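The numbering used here puts the first residue of the sequence shown at 11, with every later residue one more than the last.
Keep in mind that the hints were calculated from the coordinates and are not lab data. This structure is a prediction, so every number in the text was calculated from the model and none was measured. Here a beta-carbon is modelled for each residue, glycine too, at the ideal position from N, C-alpha and C. Keep in mind that the hints are not guaranteed to be accurate.
To be verified - Label pairs and their computed distance ranges (CB to CB):
1. Tyr149 <-> Ala319: 18 to 24 Å
2. Ala119 <-> Ser324: 21 to 27 Å
3. Asp266 <-> Asp323: 45 to 51 Å
4. Ala119 <-> Ser206: 33 to 39 Å
5. Lys179 <-> Ala371: 18 to 24 Å
6. Asp338 <-> Asn372: 47 to 53 Å
7. Asp266 <-> Gly352: 27 to 33 Å
8. Ser109 <-> Ile265: 35 to 41 Å
9. Thr173 <-> Gln118: 34 to 40 Å
10. Thr240 <-> Asn284: 23 to 29 Å
11. Gly352 <-> Ala375: 32 to 38 Å
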Amino acid sequence: MRISTNQIYNQNLRAILDNQSALSETQMQLATGKKLTKPSDDPVGAAKVIRITEELDKITQFKRNNDLLQNSLEQQDTVLTSIKTALNRARVLTVQSGSGVVGVAERQAIASEISQIRDEVFDLMNTQNASGEFIFAGYQSQEPAFAFNYGATGAQYTFQGDTGTNEVKISDSVAIQSTSSGQDIFENVFARKRFSLDSSSGMTANSIDVTKQATFDQFHNTYYDPTNPTNNQFEMRVNGTNEIEVIQVGTGTIIDTLPFVSDAAFEYEGLELNLTGTPGQSITISLDPPVKRNAAETLNQFVRSLTDATISDSDFAQALSDTLVGIDNAANKIALESSSLGARMNVAEQINTANLDIEIANKTARSSIQDLDYAEATTRFSLQETAFNAALATFPKVTNLSLFQYI
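Generate the whole structure from the sequences, applying the supplied hints.
What follows is the structure in structure tokens.
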């Protein structure tokens, strides 16, 4: 077959350019470490790489969110632990102040230490995070969660935030509460539930005391009616068989019947009563409205009682009982929140582990599509370089061939 000079030139030039292009592409792969240097190398693979990269970017953000979440939860847990430790010390001092051997000087010393604990608790309830936000103030995080009102006639330590809470998204389907409101943790704490002696119809109440607070609280929770005050009144009347009938005034219902001996103590729903009466006589007691009080205010009111030189023994005993119940209720509320924090931290840790596993799987999948096999590429580059050099070397020899050399 006769081959023209132009064909020879074109074929050799095309061979050189093809080898040069292949060599250049392999050189680019070796330089970048990527098998895919442009989408046209593998359109389907390139699309997968884009999708996997977007997923990895999302997981990276979830990991950042998880770190922020766990830092926030750990800070809250540390604060609550410190408050509980402070309250435990305050409880010890409160019990100590009720000892019969404690005099005025000792009470003053106890009042001084409880004052310091009160201030510590107040500061802890107003803890700020690294951004300067008050972590227990709800959505009002630029202002302290609790305020001290020196001139207030009632409560001096009051909550001024709101009930707002934040959530942090740590996976496609999981968002975890990152903050808790001081309203829920500290302010919504019930003070000691109490009763009042309303009236007497011939019967004498020698003494009525709450001796089993938990039992009385349960009775209070069962029967207290915030809408109808008469349902909170209970008449205790001696019937003709020397029994005490407990009658809910609002409904007229006899809710209990008890044995009765005049001038002898008996117990009923956490109360210890000593009554003097005869058939037909009665007294009426009423359940006081439940009161909520934060721990700082509970300690503050007890400091007032400790420093009141005119307080009677019975009033001080009531103040001591109020304080112990208030401290215990506050500690129980903190324990519940600590449990919630622990559960949230466990979930966050589990999600973080799952995200790490997904990240590793996605990186492996992306690597298999786009990352270069250096051993294979180096061998290929060597072969392509040899082919390119051969094409360059043979081109001038082929183009110099002529029949005139044989004439």
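Results of checking the hints against the structure:
no.	hint	result
1	Tyr149 <-> Ala319: 18 to 24 Å	violated (44 Å)
2	Ala119 <-> Ser324: 21 to 27 Å	holds (23 Å)
3	Asp266 <-> Asp323: 45 to 51 Å	violated (32 Å)
4	Ala119 <-> Ser206: 33 to 39 Å	holds (34 Å)
5	Lys179 <-> Ala371: 18 to 24 Å	holds (21 Å)
6	Asp338 <-> Asn372: 47 to 53 Å	holds (51 Å)
7	Asp266 <-> Gly352: 27 to 33 Å	violated (42 Å)
8	Ser109 <-> Ile265: 35 to 41 Å	holds (39 Å)
9	Thr173 <-> Gln118: 34 to 40 Å	holds (39 Å)
10	Thr240 <-> Asn284: 23 to 29 Å	holds (26 Å)
11	Gly352 <-> Ala375: 32 to 38 Å	holds (35 Å)
Comparing the model with each earlier hint shows violations of hints 1, 3, 7; every other hint is respected.
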